[in-house]
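Q: Listed here are the chains, written in short residue letters.
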Amino acid sequence: MKKIPAKSLRPAVLVATRKGAFILKGDAQRRKWTVSEPLFLGNTVHHMVQDPRDPKTILLAARTGHLGPTVYRSTDAGRSWKESEKPPAFRKAAEGEKGRVVDHVFWLTPGHASEPGVWLAGTSPHGLFRTEDGGRTWQGVDGFNENPKRGEWCGGDPTPDGPKTHSINIDPRDKDHIYMGFSSGGVMETNDGGRTWRHLIDGLDVVEGFGKEDPRVHDPHCVRLHPADPDRLYQQNHCGIYRLDRPSEKWVRVGRNMPKAVGDIGFPMVVHPRDPDAAWVFPMDGTQAWPRTSPGGKPAVYGTKDAGKTWKRLDRGLPRSNAWFTVKRQAMAADGLAPVGLYFGATHGEVWGSRDEGRSWSRLAAYLPHIYAVETAALPR
Amino acid sequence: MKVIIPSSLRVYTGGLARVDADGATVADLISELDRRYPGFRFRVIDEQDALRPHIRVSVNAEVVADLAAPLSPGDEVALIQAFSGG
Numbered sequence: 016m017k018k019i020p021a022k023s024l025r026p027a028v029l030v031a032t033r034k035g036a037f038i039l040k041g042d043a044q045r046r047k048w049t050v051s052e053p054l055f056l057g058n059t060v061h062h063m064v065q066d067p068r069d070p071k072t073i074l075l076a077a078r079t080g081h082l083g084p085t086v087y088r089s090t091d092a093g094r095s096w097k098e099s100e101k102p103p104a105f106r107k108a109a110e111g112e113k114g115r116v117v118d119h120v121f122w123l124t125p126g127h128a129s130e131p132g133v134w135l136a137g138t139s140p141h142g143l144f145r146t147e148d149g150g151r152t153w154q155g156v157d158g159f160n161e162n163p164k165r166g167e168w169c170g171g172d173p174t175p176d177g178p179k180t181h182s183i184n185i186d187p188r189d190k191d192h193i194y195m196g197f198s199s200g201g202v203m204e205t206n207d208g209g210r211t212w213r214h215l216i217d218g219l220d221v222v223e224g225f226g227k228e229d230p231r232v233h234d235p236h237c238v239r240l241h242p243a244d245p246d247r248l249y250q251q252n253h254c255g256i257y258r259l260d261r262p263s264e265k266w267v268r269v270g271r272n273m274p275k276a277v278g279d280i281g282f283p284m285v286v287h288p289r290d291p292d293a294a295w296v297f298p299m300d301g302t303q304a305w306p307r308t309s310p311g312g313k314p315a316v317y318g319t320k321d322a323g324k325t326w327k328r329l330d331r332g333l334p335r336s337n338a339w340f341t342v343k344r345q346a347m348a349a350d351g352l353a354p355v356g357l358y359f360g361a362t363h364g365e366v367w368g369s370r371d372e373g374r375s376w377s378r379l380a381a382y383l384p385h386i387y388a389v390e391t392a393a394l395p396r
Numbered sequence: 019m020k021v022i023i024p025s026s027l028r029v030y031t032g033g034l035a036r037v038d039a040d041g042a043t044v045a046d047l048i049s050e051l052d053r054r055y056p057g058f059r060f061r062v063i064d065e066q067d068a069l070r071p072h073i074r075v076s077v078n079a080e081v082v083a084d085l086a087a088p089l090s091p092g093d094e095v096a097l098i099q100a101f102s103g104g
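Residue numbers (our numbering), protein chains in the order written: chain W, 16 to 396; chain A, 19 to 104.
Hints listed in this document are in silico derivations from the structure and should not be mistaken for laboratory results. Here a beta-carbon is modelled for each residue, glycine too, at the ideal position from N, C-alpha and C. Incorrect hints may have been included.
Stated by the list, open to error - The calculated lysine to aspartate or glutamate pairs, modelled on EDC-like cross-linking and capped at a C-alpha distance of 20 Å, are:
| id | chain 1 | residue 1 | chain 2 | residue 2 |
| --- | --- | --- | --- | --- |
| 1 | W | K107 | A | E65 |
| 2 | W | K107 | A | D84 |
| 3 | W | K101 | A | D52 |
| 4 | W | K113 | A | D52 |
| 5 | W | K101 | A | D67 |
What the hints assert, rightly or not - Here are the computed distance ranges between Cβ atoms for each label pair:
| id | chain 1 | residue 1 | chain 2 | residue 2 | range |
| --- | --- | --- | --- | --- | --- |
| 6 | A | G33 | W | K324 | 38 to 46 Å |
| 7 | W | T302 | A | E94 | 54 to 62 Å |
| 8 | W | P163 | A | F101 | 33 to 41 Å |
| 9 | W | H363 | A | A86 | 44 to 52 Å |
| 10 | W | T302 | A | V81 | 41 to 49 Å |
| 11 | A | E94 | W | E100 | 29 to 37 Å |
| 12 | A | Q99 | W | D189 | 39 to 47 Å |
| 13 | A | F101 | W | R94 | 46 to 54 Å |
| 14 | W | E52 | A | R36 | 27 to 35 Å |
| 15 | A | R36 | W | H363 | 34 to 42 Å |
| 16 | W | R396 | A | P56 | 33 to 41 Å |
| 17 | W | D290 | A | D46 | 58 to 66 Å |
| 18 | W | K227 | A | R36 | 54 to 62 Å |
Construct all of the structure, not just a fragment, from the sequences and the given hints.
A: Structure, rendered in structure tokens:
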């Protein structure tokens, strides 16, 4: 593969929306941003992700209101796209059995650095799929999809748009060690590349009235393994913000340290690319009717630099009042630059960015469709 | 027989809104279209061999629910995008 010279790359934000995808390209200073024409206009795009092993490759998960789910892939940094020849699909059920149907591909994760061409995909309903040819053909991971215990693991309390397999985190030290999140179904871990699985839900709260021992009622909204310390995971859960330091198996609710008036409910979880003690969340209102909007109509990012012991409100530049943002679990991301750039997309179609680790914010784009996911990338000018 | 292709599937047919194809049943016809236009079938029929929820098929303007519905030369088959929300 021909490498792109690093100096010709520019920061980019890949935005997946309910009505198509968009690519925001920034200048080297991340001050000026341009918005591309829509990609796959009218398609519901749940995720668009660049391959860090081959920056010219981008995968995009899409479906339309009428047609079944598929994956598109670009090998020229988004200039042209080809559809997967064999998109993720469950096995055909035996005669007399009810088979499962992939409604949409929800999550895409590039594989381990040692396995070029490998990607993993999480679907709704719950399913895990793997490609070894850069997204051309996908196979189910039988250890999960066909496991007879699967029904006991997840799916007890489906989320409104269907149960979702998400937060696929691969340990950079071991390609076979993978964490995943299930909404609902808790957090699971495999040490053998997906053949066998076990839950990691100790310490996590659940909605009052449910039993904590039942993994099906656990709802981790977003789980991130820290790339600089793969023994550390952060999680934004339906019931709080947590940190897990392996080999411990007990999550600690670090969201207890958030201001009481804001709470620790939200969707996204973002980690610093280099500092294992630094992470960010975007709190939402989880009171009464669960509006899932910015508490008090005052949107803010909260950041920690001490692994969740303390949190700082980061809202300079964001609207001060009457702004009812909702930021979904895939819709906030960090770049790898210094200082770190942070980006989030809201359901009302705005993309906001910070080039100083959250201290100040500016609006990068507006009037886009309902934003589902935001990922950072580095693309040719 | 004539097959009417809805707008969302014309990306597979090179923009053609109508194509000629054959098949003894609706399922056969869609498989034939998939052979000609790879990827076509999975967007219309799921992995359990059921028509996608928002796709309808009509034969001579009559909606058919069964993919095993027989077809005859001279039939006009339409794949239709059903209403699917805003």
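Q: Under the constraints set out in the numbered hints, which ones does this structure not fulfil?
A: Violated: hints 4, 6 and 13.
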